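Using the sequences provided together with the hints, build the complete structure.
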Amino acid sequence: MKNILREIRYFLDFVFASIKIALTGDRRYYVWLASLVMLVVLGTYAYIYQLMHGLIVTGMRDQVSWGLYISNFTFFVGVAASAVLIVAPLYLYNYREFEYIVTFGEFLAVAALIIALTNVLADVGRVERLWHMFPLIGTPNWPDSMLVWDVLVLNGYLFLNLLIPGYKLYKKYIGLEPSNWIKFFIFLSIPWAISIHTVTAFIYAGLSARPYWNTALMAPRFIASAFTSGPAIMILVLLVIRKYTFYRKYISEKAIETLAQITLIAMLVNLFLLLSELYTVFYSATIHQVSLKYLFFGLEHNGKVYAALKPIAWLSLFMQITSVALLLYPKTRRNFKTLAAACSLNAIGIWLEKGMGLVVPGFVPTPIGEIWEYMPSFMEWVIVAGTVAWGFLVYTLMLKVAKTIEAGLARHPKAGKE
Amino acid sequence: MISRREFLKSGIKLAIILTLPVSSAKSEKYVYVIDASRCIGCGSCVRACREENNVPEGKYRTWVERYVVYMNEGIEEVYVESPEGGEHGFEDLDFSDKEVLRAYFVPKLCMHCEKPPCVKVCPVNATWLTDDGFVLIDEDHCIGCKYCIQACPYGARYFHEEKHVVDKCTWCYHRVKRGMKPACVHVCPTGARIFGKIDDKEIEERLRDPTIKILKPELNTRPKVFYQKIGWEVW
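Residue numbers (my numbering), protein chains in the order written: chain Y, 6 to 423; chain L, -9 to 225.
To be clear about the criterion: a stretch of chain L counts as covered by chain Y if any three or more of its residues have a C-beta under 8 Å from a C-beta of chain Y, and this derived list gives those stretches:
(1) 105 to 111
(2) 128 to 137
Using 20 Å as the maximum straight-line C-alpha spacing, the simulated EDC-like pairs for lysine to aspartate or glutamate come out as follows:
(3) 309/Y - 74/L
(4) 419/Y - 12/Y
(5) 187/L - 104/L
(6) 88/L - 66/L
(7) 309/Y - 84/L
(8) 309/Y - 67/L
(9) 49/L - 378/Y
Worth flagging that the hints you see were computed from the coordinates, not collected in a lab. In this text, all values refer to a predicted model and were calculated from it rather than measured experimentally. Built from N, CA and C at the ideal position, the CB exists for glycine as well.
If you want it as structure tokens, here you go:
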């Protein structure tokens, strides 16, 4: 009994100390936080406007009824899944270079999941009824509906990625080694990461009504593109941390080099899978090639040209190939300036491909042959910016706490004494 | 929490169901047959549906498409249109410089599939297949995720912008349960739309027509709207 009370007291101390750490920093830190908060406020305002007027304020219509929100959702689920690329080498292969950056990965997963889930909230028409999807209290269509699976695996993954680093930080804070039971959850999180993106791909791949999505390559492509864009974002974060914070000495160049190579290999696999898809669709040249034709070349229908996604598709391809070139050549891969450029091109390229490039052509043409072009409305952009800012805000606060404790700069006053 | 009264009621119902003998062989499934050769594209059905079901402007539970197939450099070319869902009829088309092979109207609506992909994907069981073969939506339960719109191969579902949920044709379930025909069938001036139980004499006769078609049969959704006198180009 006494032990439990002490444990609770320590834990509360840990929580209060974390809040204090998260809210203290230099001026640059406050400016960064304030700009994120401002975006979140703007996004919330836009979201309330959307709640009042309905989804009609978005660019989505019946012909294209998933748009920017679901594009973002898909991309950020991938980013979340890629945390496994830091967890697995460290815990399965004991790759020590990742020891001090593993929380960057785990908390990136948390932030990315927050972004993904808030984008889903923005997309549904009746957000107050979302509980209908939950087990026990709602009426989930399980195991038939992939959306129910997705809710389960995403929330499970969110839980795992809060529990594992949270527990380790708490133990470090009170000066103890983590118990062995946490290893069970660490190993569980590895296949779980693959599952979240597989299920997200299955949401699309299972629809026979949409030939563009109805391909067995969907899940492998999702994993490949996630495993290149995730580490790319990771590298960008690490480069910023190295440049601006006290934590620079814990991030080795070797760790970044390893991540860069992972980014490169996954991107090559991703491009190979894209090539396979393009070949199969265009060589067989069935009527189902229309969607891919729309994406890359535009369509002409009854004398009108529809090609809104054409620039996006080619830009994305150009960015991906350029990033491969920069990452292949050791000199540009090891130079942090060109590495940062390669990673930015990579992440934006995948965001375009897996976002609008994946979601929108699935609707063009519609099952009854209509051709209708979607463009996100201003409101959608503001809401999406708000969700991304919200994710980065949470990420910043969590990292601040994690890195301060990991560097031994914050400890419980009684740490190691009892 | 269910009340005692409710509980007793369902108990009695269950007892009756368990003691009843297996019901008669007569099928309770409904089907819908469309004879495209009879459709004149007047749009009465679309207007009647809007009246009957309070369908919002710009949305359609049923609509009419016009197909014109003509020769173009030695190969069949297909022209399809559906201006405002055919609600106000169709304008004259000028195909005088082309060799028209065939032209006809195709009324469309929810197919009430026996294996509805929309029902399968719904995360909250807000849409379901009834025992008599209707695919319905509970508008008080739908969360508006639009996954069913993506899953429907026939474009039958739309998003109701005021109710913030998905909506579609019910084959006028409320009318059929009162012994009436769906509104679109009722108003059709040429008898192009035929509705009834699967073993009704007229339905049975039409289903014996070896040229009868369903749309997108390769998807194995088993639609219960059957088409007569349409070409390969309708899908």
